[in-house]
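Novice: This is what each chain is made of:
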Amino acid sequence: MRTPLAWCNSIEQPRRTAAAVGGISFALLLIFMQAGFLGAARVNVSIIYQALDFDLVIHSRAYLTLPRSDPFDRLRLLQAVSVPGVGRVTRLLTDSYGWRNPRTGQTAGGMMIGVPADSSAFVDGEINRQLVTVRPTLTALIDRRSRPSYGPWAVGEKCLINDQPTLITGSFALGMGLLSDGCAIVSDETYERLMGPGNTRFANLGLVKVAPGADPAQVAAALRQRLPGDVVIATKADIIRREQNYFISVKPVGIMFQVGVIVAFAAGAAILYQILASEMNNRLGEFATLKALGYPSATIYGVGIQQGLIYALLAYGPALGLATLLYRLARHLSGFPLYMDLARAGFVLGLALAMCAFAAVLSLGKIRRADPAALF
Amino acid sequence: MSLPPPREVAIQVSGLNHHFGKGEARKQVLFDNNLVVRRGEIVIMTGPSGSGKTTLLTLIGTLRAIQEGSIRINGQELAGLPPPAQVLMRRDIGFIFQAHNLLNALSARQNVRMAVELTATPRGDYDRVADAMLDAVGLSDRAAYKPRNLSGGQRQRVAIARALVNRPRLVLADEPTAALDKDSGANVVHLLRELANNHGTTVMIVTHDSRIISVADRIVNMVDGQIVSDVRIKETMVICAILRKCSVFKEMSPSDLTDIAQKMTEEHFAENEDIVRAGDTGDKFYVIARGTTNIIIESAGTTRAVAKLGEGDFFGEVALLRDQPRNATVTCREPVVVYSLSKENFLAAMKSHKTFDDQMSNMLFTRGG
Numbered sequence: 001m002r003t004p005l006a007w008c009n010s011i012e013q014p015r016r017t018a019a020a021v022g023g024i025s026f027a028l029l030l031i032f033m034q035a036g037f038l039g040a041a042r043v044n045v046s047i048i049y050q051a052l053d054f055d056l057v058i059h060s061r062a063y064l065t066l067p068r069s070d071p072f073d074r075l076r077l078l079q080a081v082s083v084p085g086v087g088r089v090t091r092l093l094t095d096s097y098g099w100r101n102p103r104t105g106q107t108a109g110g111m112m113i114g115v116p117a118d119s120s121a122f123v124d125g126e127i128n129r130q131l132v133t134v135r136p137t138l139t140a141l142i143d144r145r146s147r148p149s150y151g152p153w154a155v156g157e158k159c160l161i162n163d164q165p166t167l168i169t170g171s172f173a174l175g176m177g178l179l180s181d182g183c184a185i186v187s188d189e190t191y192e193r194l195m196g197p198g199n200t201r202f203a204n205l206g207l208v209k210v211a212p213g214a215d216p217a218q219v220a221a222a223l224r225q226r227l228p229g230d231v232v233i234a235t236k237a238d239i240i241r242r243e244q245n246y247f248i249s250v251k252p253v254g255i256m257f258q259v260g261v262i263v264a265f266a267a268g269a270a271i272l273y274q275i276l277a278s279e280m281n282n283r284l285g286e287f288a289t290l291k292a293l294g295y296p297s298a299t300i301y302g303v304g305i306q307q308g309l310i311y312a313l314l315a316y317g318p319a320l321g322l323a324t325l326l327y328r329l330a331r332h333l334s335g336f337p338l339y340m341d342l343a344r345a346g347f348v349l350g351l352a353l354a355m356c357a358f359a360a361v362l363s364l365g366k367i368r369r370a371d372p373a374a375l376f
Numbered sequence: 377m378s379l380p381p382p383r384e385v386a387i388q389v390s391g392l393n394h395h396f397g398k399g400e401a402r403k404q405v406l407f408d409n410n411l412v413v414r415r416g417e418i419v420i421m422t423g424p425s426g427s428g429k430t431t432l433l434t435l436i437g438t439l440r441a442i443q444e445g446s447i448r449i450n451g452q453e454l455a456g457l458p459p460p461a462q463v464l465m466r467r468d469i470g471f472i473f474q475a476h477n478l479l480n481a482l483s484a485r486q487n488v489r490m491a492v493e494l495t496a497t498p499r500g501d502y503d504r505v506a507d508a509m510l511d512a513v514g515l516s517d518r519a520a521y522k523p524r525n526l527s528g529g530q531r532q533r534v535a536i537a538r539a540l541v542n543r544p545r546l547v548l549a550d551e552p553t554a555a556l557d558k559d560s561g562a563n564v565v566h567l568l569r570e571l572a573n574n575h576g577t578t579v580m581i582v583t584h585d586s587r588i589i590s591v592a593d594r595i596v597n598m599v600d601g602q603i604v605s606d607v608r609i610k611e612t613m614v615i616c617a618i619l620r621k622c623s624v625f626k627e628m629s630p631s632d633l634t635d636i637a638q639k640m641t642e643e644h645f646a647e648n649e650d651i652v653r654a655g656d657t658g659d660k661f662y663v664i665a666r667g668t669t670n671i672i673i674e675s676a677g678t679t680r681a682v683a684k685l686g687e688g689d690f691f692g693e694v695a696l697l698r699d700q701p702r703n704a705t706v707t708c709r710e711p712v713v714v715y716s717l718s719k720e721n722f723l724a725a726m727k728s729h730k731t732f733d734d735q736m737s738n739m740l741f742t743r744g745g
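Heads up: the protein sequence lines correspond to chains P and Z, in order.
With the working numbering as the guide, the letters of the first sequence map in order to residues 1 to 376.
With the working numbering as the guide, the letters of the second sequence map in order to residues 377 to 745.
Incorrect hints may have been included.
Rough simulated footprint, nothing fancy, chain P against chain Z, three-plus residues with beta-carbon under 8 Å [claimed, not checked]: (1) 427-434; (2) 437-445; (3) 625-637.
Keeping only pairs whose Cα atoms sit at most 16 Å apart, straight-line, the calculated EDC-like set for lysine to aspartate or glutamate is [unchecked claim]: (4) Z:522 <-> P:53; (5) P:209 <-> P:12; (6) Z:403 <-> Z:600; (7) Z:719 <-> Z:627; (8) Z:522 <-> P:286; (9) Z:719 <-> Z:659.
No lab work stands behind these hints, which were simulated from the structure alone.
A virtual CB, placed ideally from N, CA and C, is assigned to each residue, including glycine.
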C-alpha cells in the first residue's frame, strides 16, 4: 500500500482537525435541519390533497394555492358529470374561519372544508364514516391535531366557529402544520351557514373520481374539451406538485428555508476553505520537497483534494447521526413530519462534496507556489 | 598509486549565466561557468555565501529553469526541458537539504518510503527497502518515530536516507553534515563514498565542513558567481606521487609540486601512437601516468629503440630548455596516459624554483641528448 499522506496530514494535529471538522459538521447539521424542514413543509402543504380521494381536480384558472383557491361556478361540476368516464364529482368548499373556545375564551384560526354530508370524499375511512354525523346544520368534525391554542374541547360539546355555536360531532387526525391552526370538516349546508350564503353558487374545487376502468388522462382531456376556459383540470400529482412549488418558490417561509440551506452551505465551505488554506500554507515546504523528490504537481494537488474530502466526510458522519436524532426529537415534540430519507442524506452528502470542491479550488492555488529551488 | 580509467561525463556545465529579478532589479548571479564532472566523482563546492554555489546546485538539480548556457546531466540537456521531463529527471537525483525538509506527519520509515514509492519497487518491498536504508544510516530503531520525536542529527540522517534510498545517479547536498556529530558525519560521508565507488553515483556537496574534504575527488571554489578554481584532489595527488619519483622534482616541496600538478593536463594515447616526433618543435613536458613507451632514434636511415620509458618516467624537457626540435620519437607500446605541462608553465616553474633549475642543469649534464 502507498503511504496515505493525505490521511496522515489530516490527523497529524488531531485537536485542530477535530475543531475544524466540528465546524463543518455543524454547518452540515444546519443544512440537514433546514432541508428537513423544507422537505417536511412539502409534505405538509400537500396534506389535504393527500387526505382527499380523487383522480382529477377541477379548479379555477385564478387558483393560487388551496387557501387562496378562487371560487368558480358550480355549474361546471354539473357539466363535468356528463362527460364520459367521469364516475362522480364532489364539490369542495374551503376558506379560513375563526375559532373560539367557549370554555376558556381562547381564539385561533382554522381551515374549513365543506363537502356534501353524504359523500365519501376522504381517503381515511374514519372521516368518511363520520360525515353522516354532520348532516344537521351547525355541526362539525374537528382536527385532533389542531394547535394547543384551540384549548380543551370534546366531541359532543359546542364550540364557536365564526361566532356561531357549532356542535362537535366527531374528530379526525390530519394536522395542518404550517397551513393553519386547525381544521374543521362540515357539510356544504353548514359551510354556507357559517361562511355566508354567497357561497351557494360556487365551488372551490371539484373532486373527480373516474369511472372504473377509465383512463384518468383521457378523462382529463375530455373534461378540458367540454368545460370552458375559466376552470383548469389537473391530476392529483399535478396539483400536489403545484402546491409544493408555490410554497417553496413563492411563499417567504419556503424561501427562508432555502436561504438557510445556502447560508449554512457557505459557512461550511468557508470553514473548510480556512482549514484547507492554512494546511496548504503550513505544508508549502513539504509540497516543495515532494516536487524535488520527483512527484508531479498532479499528485500534490491530489493530496490537497484528498484532505478536503477527508475533512468533508469526517464532518458528514456525525452530522448525519445527529440530524437523524434531532429529526426524531422534532417529530416527537411538534408532530412535524421530519424524516431522514436516502434522498436527503444523499443531497447533503452532495453538498458536502461541493463544499470540498469549492474550498479546494480556492485554496489549492497556493501549491503552485511551492518552489523546490527555495529549499536550498 | 594510479588513477582509474576516466569514466563518462555525468555533469557538463558550459557557458552558464543566471540572473535573478526583473527589469531594474535584475542582477546577474552566475557568470560564464564551465564545469565537467565525471561519473563517480565527489565534488565539493566551497566559496563565500552569496557566491552562487547554491544557485548552481539548484540549476544542476533541475529545480530552476536555465536562462543562458547549457547543463547536460548524463547526456541530457536541461535547457528548455519541459516541466514533466524535469520531474522525471529529479527522480534520478537525491537532494540533501540543509534543513531536513522531512514530511512532519509521516514516520521516518514513511518519509523514506515516499522516495521508494516513486520507483518500480514492488509494493510489498517498500518497507523492507526503506528499513534497510534506515539501518545503513544507523536509525533502524527509530523507523516508527515522527520527525518531531527525533533529534536534529537523526532527522538529517532520515533525510539522507530518503535522498540515497533509490541509489540516484546524482546526489546534490547542501551542508549535509552541518547538523551531525563527528561519528554520524563520518558515517554519512562513508555512505556517499561507497555509493560513488560502487554505483558510480556522482556527488556534489556544498559545504564548509573540512572533515568531508578528505573524501572529495575535487574541490570547486566559487567567488562572485564564478568558478575560480577546480582542484582535482585525487588526480593532483597521483600526479604529485609520480612527480616525486622523478629525479628532477625530488627536492621540491609538496606545495610546489601541487602547483605544478594542477597545471598539468591529462592526455590519452593509443597503442603505436607517437606522443612526440623527432624534428617537431618542443612545446610540452610529459610525465607518464600509465603504460610504457619506446624512445626511437633515427640515424643513418635505420630506426632504433634506444630506451623504454614506463610509469613515473618523464620526457620532453630537453627541447623546452634548449629551444630545440625534438631529438627523438616517443611511441606508445600500449595505451598510455600522460600528464603534460606546457612549455610556458614548465619554464615558469623552473625559474621560480632555484633548486629545480640546478637539478635540471645537472640532469642535462648527466643525461645528454
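Novice: Which earlier hints can't be squared with this structure?
Specialist: Going through the list in order, the structure violates hints 3, 4, 5, 7 and respects the others.
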